[in-house]
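*Asks:* Same order as they appear, the protein sequences are chains A and B. Take 1 as the starting number for the first sequence in our numbering and just add one per residue. Take 112 as the starting number for the second sequence in our numbering and just add one per residue.
It should be emphasised that the hints constitute simulated quantities derived from the structure, not laboratory data. Any given hint could turn out to be false.
Straight-line C-alpha distance at most 27 Å; calculated DSS-like pairs for lysine-lysine [what the hints assert, rightly or not]:
1) LYS153/B to LYS168/B
2) LYS169/B to LYS179/B
3) LYS11/A to LYS148/B
4) LYS179/B to LYS133/B
5) LYS148/B to LYS133/B
6) LYS153/B to LYS179/B
7) LYS57/A to LYS153/B
8) LYS168/B to LYS182/B
9) LYS148/B to LYS168/B
10) LYS57/A to LYS148/B
11) LYS153/B to LYS182/B
12) LYS153/B to LYS11/A
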Amino acid sequence: DAGITQSPRHKVTETGTPVTLRCHQTENHRYMYWYRQDPGHGLRLIHYSYGVKDTDKGEVSDGYSVSRSKTEDFLLTLESATSSQTSVYFCAISGQGDTQYFGPGTRLTVL
Amino acid sequence: GENVEQHPSTLSVQEGDSAVIKCTYSDSASNYFPWYKQELGKRPQLIIDIRSNVGEKKDQRIAVTLNKTAKHFSLHITETQPEDSAVYFCAASEGGSYIPTFGRGTSLIVHP
Chain A
1 DAGITQSPRH
11 KVTETGTPVT
21 LRCHQTENHR
31 YMYWYRQDPG
41 HGLRLIHYSY
51 GVKDTDKGEV
61 SDGYSVSRSK
71 TEDFLLTLES
81 ATSSQTSVYF
91 CAISGQGDTQ
101 YFGPGTRLTV
111 L
Chain B
112 GENVEQHPST
122 LSVQEGDSAV
132 IKCTYSDSAS
142 NYFPWYKQEL
152 GKRPQLIIDI
162 RSNVGEKKDQ
172 RIAVTLNKTA
182 KHFSLHITET
192 QPEDSAVYFC
202 AASEGGSYIP
212 TFGRGTSLIV
222 HP
C-alpha cells in the first residue's frame, strides 16, 4: 500500500458537533482527494487538492470544507455534523493525476 | 462532464466461470481507464488499467478491453475463485484533468 494513513479510523459524534478527519501521505504526491462511500452510490468526490493551499469542490461538497497547509496533510472538516454525513470517508492520493491510491478509510457515525 | 455507467450492479458466478463487467463513458476526451477492487471492509485498490492508445491489456487471470469508438471498456476475469469476490469499480478520466469519474460498482460473488 502507498504511504497513506487516515485518522481517526472510527468516530462516533453527535449532530451539530464539528469533526475533522486527517489524511497523511509520505509519497510527496501532488494530488489529494476526499471521497465518501455510501451503499448504492459508489465513491463520490467531496473535495480535492492539486497543491498546497490549492483546493476545489467535488460533486458533494455542501457541508464540508478542506485545508492543505502542507504537501503531506489534507484535512476534511464537517463544521456541524448531520446524520446524513454518516458514511465511510476515503482519502486518495495521486502523483500524476491519474492512478489513485486510497487510504484505509474512516467510518464516521453521526447520532 | 464525464458520465460513467457500470453494469451489472451484481454478478453471481460459480467458481471457475468467467466474469465480465462493462462500463460506458460519455466524454470522448477520456483516455485513462482504471479498475479498482474493494474487498469487504477494505480500501479500493487498483488491479489493472488501460490507456486509450491500447485496445487490450492482460495480467494473469484479468484483462481489460477498450473500444474507443463505442466508448466502452470491460473487465474480464477468467477462472474465478472465491477470493475474487469483491466490489469492482471502473473509472474514466482525461489526461491532465486529474479528476476521475467512477462507476457505481459491481458486486461480484463467486460461489465455491
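*Asks:* Decide, hint by hint, whether the structure agrees.
*Replies:* Results for each hint:
1. LYS153/B to LYS168/B: holds, 25 Å
2. LYS169/B to LYS179/B: holds, 18 Å
3. LYS11/A to LYS148/B: holds, 25 Å
4. LYS179/B to LYS133/B: holds, 13 Å
5. LYS148/B to LYS133/B: holds, 14 Å
6. LYS153/B to LYS179/B: violated, 32 Å
7. LYS57/A to LYS153/B: Holds, because 25 Å separates the two Cα atoms, which is no more than 27 Å.
8. LYS168/B to LYS182/B: holds, 16 Å
9. LYS148/B to LYS168/B: Holds - the C-alpha atoms of LYS168/B and LYS148/B are around 17 Å apart, at most 27 Å.
10. LYS57/A to LYS148/B: holds, 26 Å
11. LYS153/B to LYS182/B: violated, 30 Å
12. LYS153/B to LYS11/A: holds, 17 Å
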